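Place chains B, C, D, E and F on chain A using the hints.
6 protein chains.
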Amino acid sequence: MRRNIEGCVMLEKDQPVDTSSKEPEYFHKFEHLKITRTENGILEVRFITNDGPIVFTGKDHHDFVEAFSQIAQDRDNKVMILTGSGDDFLAQIDGPSLGDITDPGEWDRTWWEGQQVLQNLTSISVPVIAAINGPATVHSEYALIADIIIAVEDSYFQDYPHLTFGIVPGDGVQTVWASAIGAYRTKYFHYTQQKISAREAQAFGVVAEVLPNKEALMKRAYEVATNLLNIPELTRRHMRMMFVAPLRKALLEQVGYGLAVEGISATDLRMTAKKE
Amino acid sequence: MRRNIEGCVMLEKDQPVDTSSKEPEYFHKFEHLKITRTENGILEVRFITNDGPIVFTGKDHHDFVEAFSQIAQDRDNKVMILTGSGDDFLAQIDGPSLGDITDPGEWDRTWWEGQQVLQNLTSISVPVIAAINGPATVHSEYALIADIIIAVEDSYFQDYPHLTFGIVPGDGVQTVWASAIGAYRTKYFHYTQQKISAREAQAFGVVAEVLPNKEALMKRAYEVATNLLNIPELTRRHMRMMFVAPLRKALLEQVGYGLAVEGISATDLRMTAKKE
Amino acid sequence: MRRNIEGCVMLEKDQPVDTSSKEPEYFHKFEHLKITRTENGILEVRFITNDGPIVFTGKDHHDFVEAFSQIAQDRDNKVMILTGSGDDFLAQIDGPSLGDITDPGEWDRTWWEGQQVLQNLTSISVPVIAAINGPATVHSEYALIADIIIAVEDSYFQDYPHLTFGIVPGDGVQTVWASAIGAYRTKYFHYTQQKISAREAQAFGVVAEVLPNKEALMKRAYEVATNLLNIPELTRRHMRMMFVAPLRKALLEQVGYGLAVEGISATDLRMTAKKE
Amino acid sequence: MRRNIEGCVMLEKDQPVDTSSKEPEYFHKFEHLKITRTENGILEVRFITNDGPIVFTGKDHHDFVEAFSQIAQDRDNKVMILTGSGDDFLAQIDGPSLGDITDPGEWDRTWWEGQQVLQNLTSISVPVIAAINGPATVHSEYALIADIIIAVEDSYFQDYPHLTFGIVPGDGVQTVWASAIGAYRTKYFHYTQQKISAREAQAFGVVAEVLPNKEALMKRAYEVATNLLNIPELTRRHMRMMFVAPLRKALLEQVGYGLAVEGISATDLRMTAKKE
Amino acid sequence: MRRNIEGCVMLEKDQPVDTSSKEPEYFHKFEHLKITRTENGILEVRFITNDGPIVFTGKDHHDFVEAFSQIAQDRDNKVMILTGSGDDFLAQIDGPSLGDITDPGEWDRTWWEGQQVLQNLTSISVPVIAAINGPATVHSEYALIADIIIAVEDSYFQDYPHLTFGIVPGDGVQTVWASAIGAYRTKYFHYTQQKISAREAQAFGVVAEVLPNKEALMKRAYEVATNLLNIPELTRRHMRMMFVAPLRKALLEQVGYGLAVEGISATDLRMTAKKE
Amino acid sequence: MRRNIEGCVMLEKDQPVDTSSKEPEYFHKFEHLKITRTENGILEVRFITNDGPIVFTGKDHHDFVEAFSQIAQDRDNKVMILTGSGDDFLAQIDGPSLGDITDPGEWDRTWWEGQQVLQNLTSISVPVIAAINGPATVHSEYALIADIIIAVEDSYFQDYPHLTFGIVPGDGVQTVWASAIGAYRTKYFHYTQQKISAREAQAFGVVAEVLPNKEALMKRAYEVATNLLNIPELTRRHMRMMFVAPLRKALLEQVGYGLAVEGISATDLRMTAKKE
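Protein chains in written order, with our numbering: chain A, 1 to 276; chain B, 277 to 552; chain C, 553 to 828; chain D, 829 to 1104; chain E, 1105 to 1380; chain F, 1381 to 1656.
Honestly, the hints are just simulated from the structure, not real lab data.
Treat the hints with care, as some may be off.
[To be verified] Among the chain C residues that face chain F by a calculated CB cut under 10 angstroms, a handful are:
#1 Gly-651
#2 Asp-655
#3 Trp-659
#4 Trp-663
#5 Tyr-809
#6 Ala-812
#7 Val-813
#8 Ser-817
#9 Thr-819
#10 Thr-824
Predicted, not measured: the structure shown is a model, and the values here were computed from it.
All residues carry an ideal CB built from backbone N, CA and C; glycine is no exception.
Next up, chain A with everything else stripped away, as it sits in the complex (with noise of 0.2 angstroms):
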């Protein structure tokens, strides 16, 4: 899980930037995300297993850390979109992969990466594009950092692990959805694990634009992205800086909280389970 380091030339030397046709190391570093690049600067970062839907693990949950932080400090990556595989967006999870959550010392790693993983996607200075390929019932906190939602007609969204393993939602999916369709929407969708499908996302105000089916999602995606291209360069920089800046301090402020919260309503479920 190392990153090799000798292959590494200084950033700026003489200042060729790594052009497109040269793909950087962490294109293929991480197991779970495929990454690709146009010639013109729009990344596509893929979640994928196995060439379909991805299956989210513990790993992933690390690894994503180095991934988007990586992502955020290439200067040549100019527009993303953030798509899955197959059928799903993200939307099945390996429990045993996450390891013993209801141990503290192990959680505490969660703790600290479900924080970091947020602020760094949050640090990505250009514009993501979510393209919701089917559902997103997992970790839907990732999509909803993007700035604009686009999905297919029968895709929805749910948070389907976290009351289903008997845990607080509180990694940052309570902040992001209440910053896209306020508190008591929020609160019902959790409370009673609703689905909220594209329709209906799109009513609330957090999806863009509605597509027919999956081909026209990423044609569009790959459209609504050459059309931000179209935005100088620190412009669109900044557009994205400013827009998700009161979103990045919600999560430094709920997020810390929140996953301690989770943590303990999973060492809970032990303590509980060997009194019974």
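Below, chains B, C, D, E and F alone, put in the same frame as chain A:
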């Protein structure tokens, strides 16, 4: 520096906690609240005056501070339903009972209680369901501290007393509505004493479900409450406290000021009346 | 330690306040504002250039700082209506008149004025009604500091100049729209220079009423204003200041930064142009 | 729209308020608080165990929530003095009485009480004088919610229990000290369990006056209290609430999180002990 | 989408800016301010009444709003020195001139002006040096909006009027002092009308330098000002605005509320007096 | 809805974590950082250039982003000591290496890195001790993100580069100092390029201990670090993150803006120079 855990004993070992079969004293302490609890811990708090719709009084303003404090402290409560009696949620107010609101010395008590009742309502660490059985036109902020709001078809929200009395709606009603439906809808609601129907409130995102009649409403309230009981104890409690935290902070920031200018506007009515 | 109240005299005894029959000087001081006032204190502020729709200039950017400061200080104003002339609310801009926005030394003046005009607009302590008589595509933040926004059927909102010039929309337009329609709709609005029609703006919660034509619009604006006059003086003033407080704070936090990066993006255009 | 003021009657007309000659029930309700009040309304609250220095217990942690709520609600209190008995302000703690703090289920009660006691202490709307009669090494945040702190020459402050138990000092003690002596002194104080003498605390700006002995301390406490009574009633109350507002907000923001990670650190001690 | 820079002309080309040799009108507009400016742009603003120490009046409270607005808008000002006349900085107040502060209708004007004068003072985008030539016991918040405060040996700070009148010190004086010397010293300062000498204020961190006499004071003020002129124009301006931003925000959050409860406390004095 | 805990496996079971005996690659990756670690996990990070005092370069500005990110992610680090080499902590800067800071396009990279390095430094979840072995006159904010600062007798703090270059000190140095010594001392420090000696810094509350010489300094640094190791793992980590949270938030709020106006002031120097 390690703590010797062996020596620890349970807190208040010898003090048998009230079981739900034995009702706490506070259930019968407050004239205009009818409080009951199911065996599994669903607390129902019903506004009531003489078995009919509540006529809100200055004594209620005082009583509710303690009532919601007691409810918050009682850990046998697992979920709370807040509702009204007869055809009103909370729609009648006994003006004279409020005392001389134009006298700053008297208002000071109102100023303190008004802040405290909202801090106490938001210190209740179990999910709150508001079941809006009819018009909520007086102190509708009590309804909106709920997590999930369901309403009968012909109910509506309005802020009746403040502009009718000619005083600033600054007791928190400004804060909860802005949190619920946004700043611009809230301003129109208050400046024009707009009636927002249950259906409109649903479209605006604050009401989660609209039910055809009162029977269906209470049936659904208990269904939702029962579902919430499936969430493990600590998870359920921490979800409530996590979700209510931003509102609690907004109330702390805004209600002291809001009630101060509400009191000033009341006093000015007397002063102006004298001059004329 | 008691104050001797007997000795008090009225403030500015010998300085007769302007009555509404005698117009204050500032009514005629600003080239592109037509200011009138009814006998009962309804102030109408109309954007205008040569009796037609305003063509916004750098001089306006400068003048409006003082204009809204004067309006705020004049306590004979009881309600304010903000509207445009002819078929535009505010939709044309004289680019060259803005000076060399790519020069940081010149931009600094814009940076200061841009913050100050919004602080002054939000220091107006009477309700503001925006009557949107046509497209509001330039500095639409002026419209959104209103409490109640009504619009003619065929009007719309857009942010035209910033992306057309290729610079960051950081002058507060980002802040008011986020407050009005939420973060995600705001990002789409800005990235894509989306036109939001009056009807859509109503569905999004920012426009309160849509009127069929300009005559109906102004008639309704005065009706609403007249109704607001029924609210007692101090109550009316404090409602405005209470409702505008959260926006005022958000503007204070965000516009200094926003205008700084807007200026940077403008300067970069010149630098980049030179390199090419 | 004017309110008919004539019809108003005094709030709770028929309910004679406790006069200071008749002691309220809560004066004698809490085992480890000795509460007395002078005729002119100076309330003295003294920590006490069997007529000597308090040994703080889990029951106190529970009782104080209600105690300070009752004190806050009693408008016959005009100024409050908070002090200790014998040679301690608050310096002994009965570890086992706290219950099993390593069990998240039990900790949850502590989590709620710990937040609530500080919200209640800061809802007391009369000036609070802390008279530090000896070491304040346990829950020194109770002392620091005072407005004016005076101390005997040989007293000192320390945070003894948290690091001695090996747990995070997150119950608000982190918040009050940062407010009092700044972030860097606070960190050193906590990481090293530093003793800060009365004189140092005065140099750091948190202690206002140092007195030679306990007699002089209490004499001065009553002198200061009596002087504060010269401030008119509403002015005195509003000064307290105005001054305590920023701290109250900081506590609301930080203590829920702080107590969560304190609980996690406690639970981890048990888990780690088992593994070893 | 690039902007054509060529067509840009200077803002207000035909409007020759005031040179420092030609004094702006506002220099002589305000009765109790003596305003002068050196050729290199050091603006001196001196509180004055009849060539002697200022006796602060209600008219000043009104005038200063505009005065500091004009100063802030005049870009020929490069550094500002704020000082007093004779032996006072600002230490006398003409109570009756303030109008009937017990009447909410009159207070409303004070409420608005009190907030606005501090927003205008903190909108001055050049460094401000306060030269404290004698006691600053009235509106000392005017001194503390400075960046650098220097004082003569025998000067001191106090808040005299508020508690002498018996009203809440809520006009911002609470905010600036908390920012300057911390929360606990501020509370003691206000509750006891403490005199803080120049030397103590230096030890507390708010006064930067203590000078032996008035001649040395003004000589040093101009030395410091001249040194600040060495900082490039935009750097100097942005340093001021960056440094004052947190205070400006705190004032926006706290002064509306503070002045509201100050007014309430004043009105209550009249009410209470009548009852007695 | 309970989670089956049985199925859980340890996170990254098969991936043996680096033990302290085996050094991670990042220890030797950054040219100007000498990184070592004791067996019990005390990480020493030393600024260095060719075995002597560091000469800070643009490459360091870039490298430190990743360096502190790697340090933060490595859970084998238990406490961190940050110090300098030879007679400087950090006091020399290679201006030309920073690139053309007057070019907004180049500055944009600095703008991003400057924010990110501070977010990464404050994401280090173990206590940080700064051992100030000599002048800290360049990027002293790196020292002040420490929890405990100790310094040799003849060391001092200053902000040398910004005003020497003529640009705004907006890279976070404004934020950490305000947090450390208050707003007024900070303004004087920056406007006058004041040198604050170790002893003064101790009196101001930011330096905890002053040591006679460098040997004593490092001996004490390791003593303090060793003592901190006695704090249980999670308690130690959470103390750091709890204590650094308010600073982290202040940095997030202020540094994006600060670096923007710093860049503007740099660009303006070029523009102004051209005009002259």
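Status of each hint after checking the structure:
| no. | hint | in the structure |
| --- | --- | --- |
| 1 | Gly-651 | violated (14 angstroms) |
| 2 | Asp-655 | holds (6 angstroms) |
| 3 | Trp-659 | holds (8 angstroms) |
| 4 | Trp-663 | holds (8 angstroms) |
| 5 | Tyr-809 | holds (4 angstroms) |
| 6 | Ala-812 | holds (4 angstroms) |
| 7 | Val-813 | holds (5 angstroms) |
| 8 | Ser-817 | holds (8 angstroms) |
| 9 | Thr-819 | holds (5 angstroms) |
| 10 | Thr-824 | holds (7 angstroms) |
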